[in-house]
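Colleague: Sequence:
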Amino acid sequence: MVRKRLNMTGIMLDLNGFKAINDTQGHSVGDQALISAAEIFRRGVEDLGIVIRYAGDEFIIMINSQDDIDISTCMSNIRDGFQEFNKNSGASYKLSVSMGFCKLNLDAISVDEFLNEIDSRMYEDKKAYYAKNTQVDRRRS
Numbered sequence: 001m002v003r004k005r006l007n008m009t010g011i012m013l014d015l016n017g018f019k020a021i022n023d024t025q026g027h028s029v030g031d032q033a034l035i036s037a038a039e040i041f042r043r044g045v046e047d048l049g050i051v052i053r054y055a056g057d058e059f060i061i062m063i064n065s066q067d068d069i070d071i072s073t074c075m076s077n078i079r080d081g082f083q084e085f086n087k088n089s090g091a092s093y094k095l096s097v098s099m100g101f102c103k104l105n106l107d108a109i110s111v112d113e114f115l116n117e118i119d120s121r122m123y124e125d126k127k128a129y130y131a132k133n134t135q136v137d138r139r140r141s
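Residue 59 in the numbering used here is what sits at position 59 of the sequence shown, and the numbering runs on without skipping anything.
In case anyone wonders, no lab produced these hints; they're calculated from the structure.
Do not take every clue at face value.
Okay, derived cross-link-like pairs now, BS3-like style, lysine-lysine, Cα gap no bigger than 27 Å in a straight line [claimed, not checked]:
1. Lys94 - Lys19
2. Lys126 - Lys103
3. Lys103 - Lys87
DEER-style ranges, computed between Cβ atoms [what the hints assert, rightly or not]:
4. Gly26 - Leu115: 20 to 26 Å
5. Ser92 - Ala38: 31 to 37 Å
6. Ser120 - Asp31: 25 to 31 Å
Backbone N, C-alpha and C fix where the C-beta goes; we use that ideal spot for every residue, glycine too.
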């Protein structure tokens with residue numbers, strides 16, 4: 001049996017400060033924040049892939065490419081989408097996201113290892129976010 005190589009990349013995304021939105025403004029506002037974030041992700045991916053809600057405020061994007069330009073474009077589109085949302089939405093909260101990506105190679109790692117890798121890379125980005133934004137209470141996000 002010939003195994004076809006998948007040319008895909010996974011991006012793990014986690015909303016920064018989401019717990020604080022739920023805790024201070026209620027779950028209906030939190031639900032709207034999730035809907036807004038999912039729409040930003042969908043627009044950022046364009047036709048390159050699919051957005052999956054993984055757990056709570058974590059999402060995975062699988063894009064049909066391992067091209068560095070495609071990956072960078074997708075992630076830039078998402079960051080730009082959050083900036084645009086924060087500037088123009090009129091929402092009572094600001095949204096931001098931490099992201100980590102890994103190119104899928106099932107010949108080298110299992111699906112579980114792949115998920116752990118993108119999760120670990122996302123948390124590296126989240127640590128950098130909190131290092132830059134020291135006023136944000138990590139316990140509430």
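Colleague: Measure nothing beyond the straight line between the CA atoms of Lys126 and Lys103; if it is 27 Å or shorter, mark the hint as holding.
Modeller: Status holds; Cα separation ~20 Å.
Colleague: Quick one, are Lys103 and Lys87 close enough, alpha carbons at most 27 Å?
Modeller: violated (32 Å)
Colleague: For Ser120 and Asp31, compare the CB-CB distance with the range 25 to 31 Å and indicate the outcome.
Modeller: holds (28 Å)
Colleague: Within 31 to 37 Å: is that where the Cβ-Cβ distance between Ser92 and Ala38 falls?
Modeller: For Ser92 and Ala38 the Cβ distance comes to about 19 Å; the hint is violated.
Colleague: Does the Cβ-Cβ separation between Gly26 and Leu115 fall within 20 to 26 Å?
Modeller: Violated: the Cβ-Cβ distance is about 31 Å, outside 20 to 26 Å.
Colleague: Would you mind confirming whether the straight-line C-alpha gap from Lys94 to Lys19 stays at or under 27 Å?
Modeller: holds (12 Å)
Consistency with the previously given hints fails for numbers 3, 4, 5, ordered from lowest to highest.
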